[in-house]
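So the protein sequences, as listed, match chains A and B.
With the working numbering as the guide, the letters of the first sequence map in order to residues 1 to 201.
With the working numbering as the guide, the letters of the second sequence map in order to residues 1001 to 1161.
I should point out that these hints are in silico values taken from the structure, not numbers from a laboratory.
Ideal placement from N, C-alpha and C gives every residue a C-beta, glycine not left out.
Hints are not guaranteed to be accurate.
[To be verified] Distance ranges between label pairs, derived from CB positions:
1) B:1023 - A:197: 38 to 44 Å
2) B:1026 - A:50: 45 to 51 Å
3) A:102 - B:1161: 37 to 43 Å
4) B:1090 - A:18: 44 to 50 Å
[Said to hold, decoys possible] Simulated coverage check for chain B against chain A, where a stretch passes if three residues somewhere in it have a Cβ under 8 Å from a Cβ of chain A:
5) 1031 to 1041
6) 1046 to 1055
7) 1075 to 1082
8) 1103 to 1117
9) 1135 to 1144
10) 1154 to 1160
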Amino acid sequence: MNQLQGKNIDMPEGLEKEKYQKELKKQKDKKKKIIRDYLIMSAIIVVFVMLYFVFPAKGEVSLKNSWQFFIEMMEILPAVTILIGILSVWATQEMVTKYLGKESGFKGFLVALLMGTLPAGPLYVAFPIAKALRMKGASVGNMVTYLSVFAAIKLPQLLMEWRFLGWKFTLLRFPITVVLIYLMSLVVDLIFKKTEKKESM
Amino acid sequence: MDLSIYVINGLVLSILIFLFIKDWRKTIKSLKMALSSFISLFPSFMILILAIAVLLGFLPQGFIKSYLGSGSGYLGVFSAAILGSVLFLPSIIAFPLAGSMYHQGASTMVVAAFITTLTMIGLVTLPLEIKELGKKFALLRNGFSFIAAITISIIMGVVLK
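One chain only, chain B, in its complex shape (with noise of 0.2 Å):
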């Protein structure tokens, strides 16, 4: 994840170098809106990042494990994507999870549901996506994205054996 936040960073310096030198008064007013926008979007991220880290001090240590163990099958995959929507992980810790769990043995199926639903849909930053993009338009992203994570981890199933 470093290495990314230094391209992604360090593009955004590029760009605004550049276009100091094409129109610095342009320039000056977007850097204006963007404090303007980090003031109003702080709190909102802060109040979030804060009710995750709760979340998660409280869950009990090896719960996703246990949980994800322990369902096989559809109904399986349907439990580790209701899992998958509730939790908020970075990926950080989801992808060394995910995989220590796959390599013990859990299903294609139940993982891609999992990492699929983890990093598509978010019950815990719905609000926040309500807030910045409206109602309809978030439920019926994180809805479809549900239906999408359920259909992507059938076909993995059935293709990786």
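Pulled out of the complex, with its shape left as it was, chain A reads as follows (with noise of 0.2 Å):
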């Protein structure tokens, strides 16, 4: 992710010296910590063929569900890293400061919650695209909103929800929780600016 930000570097908008050398240790830093990644991935994978060996029954169905989890996550990865590769080069800072920055208000709450419907996969995978959308200008507010409608009430969860639990239940549900991330995205906000503010002083 950071990789992206050092390539910024050549880009019009350019960085000052300083702050191309912080980049630089920045992305030092950071190779440093994927290769820590791996090394605790290796290790835990070891730990789990151990654990399947102590406790065959349990570990067959850990490694159903792991396997289940993986095709899950390999079906939506490549796009949306696809996703966040396009937003960084494509994107410039004011159109998302436009549609989603701090100025945006009701608009930007809006263009949210339609990001958030789409479909994509369980909602880790949201988080590096958040990420990557508040490094353009995204507001604090508009990101927990389309966290939040990407965890709660996006379109593929929502048809799930119909067959199981009921159009009643599900045509309840959903304008409620609308209401209630628009409250809390503002609440959220709120709270950044304010500490912002005295953080500043």
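Take each chain as given, in its own frame, and dock them per the hints.
Below, the structure written as structure tokens:
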């Protein structure tokens, strides 16, 4: 992810020298972190295999689950990372700020809402998308909206809810959830604004 | 879920083709960034997946049903919300489970609290959320989601008696 920040350096906006060096250091740290993540992952896989031999019955279930989750992730991760790549190269700061920034108001909420309802897999894949949008100028409140809608009321999930819990349940939960997500985004935005002011004073 | 996967992948693919025709250099650059973010995200997601799979593997069968079935009233809502926050279930398992409980007589409030916290809050995904979006953001979002989920389920319980 930070590699893409580094690559922004040769873009027309340009960063000052100091910032450039900071970016370089950040990139190095990032690389170390990635290597560490791969090591942790390998360690967990080893533990997983050991568990499988110690508790074969439970291991069977865990293995089946993890395979299912793995497929679920691999079906969506390439699309998500390509989306992040496109976003970081093509979307300008002005564009994202205009539609999702601090001044975007209710329109920004609607944009975030629409984006969240699009089908796109489990919640955790939305975190890096939200991060990329934040770096391009999206407001905190709108990212709360995006993630919450993505989590609770995205379209394919609503269809499931309809099927298993009935239309009354689904049609009632949807509007109430939208209203509460809106309130939540306002409150979190406000808290961020207040603490930011304090920090700058 | 299958159809939505085709839709999103098709959508991303058509955007990619469109952008490639527009400016292939820029699009190659996007793809390079996509690859580097794939490399950096992959281990975090794998760790998460394995942790959840082990957790579910060791959860006794029928635990969720008996846990949710035992509570009723506001206390039931609260404990359902706690369980929903801690657990992570893919919707393909979660909704049929919630549906069968609902038809067996679990209250609207309890089912709504479970579904809403299950989808919106993730204790298992919290470390990843903190890593990507910062501690303050992640804690505030999850905290307020809990309050929102309780509110949603109480309103639903009152309306859908």
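Cross-check of the supplied hints:
Take residue 1023 of chain B and residue 197 of chain A: their Cβ atoms lie about 41 Å apart, and the range 38 to 44 Å holds. With their beta carbons about 47 Å apart, residue 1026 of chain B and residue 50 of chain A fall inside the hinted range of 45 to 51 Å. As the Cβ distance of residue 102 of chain A to residue 1161 of chain B is approximately 42 Å, the hint placing it in 37 to 43 Å holds. For the hinted restraint 44 to 50 Å between residue 1090 of chain B and residue 18 of chain A, the CB-CB distance of approximately 46 Å keeps it satisfied.
For the region 1031 to 1041 of chain B, the stated coverage by chain A is satisfied: 11 residues place a CB nearer than 8 Å to a CB of that chain, which reaches the threshold of 3. With 9 residues having a Cβ less than 8 Å from any Cβ of chain A, the region 1046 to 1055 of chain B passes the three-residue criterion, so the hint holds. Only residues whose beta carbon comes within less than 8 Å of a beta carbon in chain A count, and the region 1075 to 1082 of chain B has 0; fewer than three means the coverage is violated. Coverage of the region 1103 to 1117 of chain B by chain A holds [criterion: at least 3 residues with CB-CB distance below 8 Å; count 5].
Coverage of the region 1135 to 1144 of chain B by chain A holds. Counting CB-CB distances below 8 Å, 5 residues qualify, and the rule asks for three or more. For a cut-off of 8 Å, the count of residues in the region 1154 to 1160 of chain B with a CB near a CB of chain A stands at 4, and the three-residue condition holds.
In the structure shown, a violation is registered for the earlier hint numbered 7 alone.
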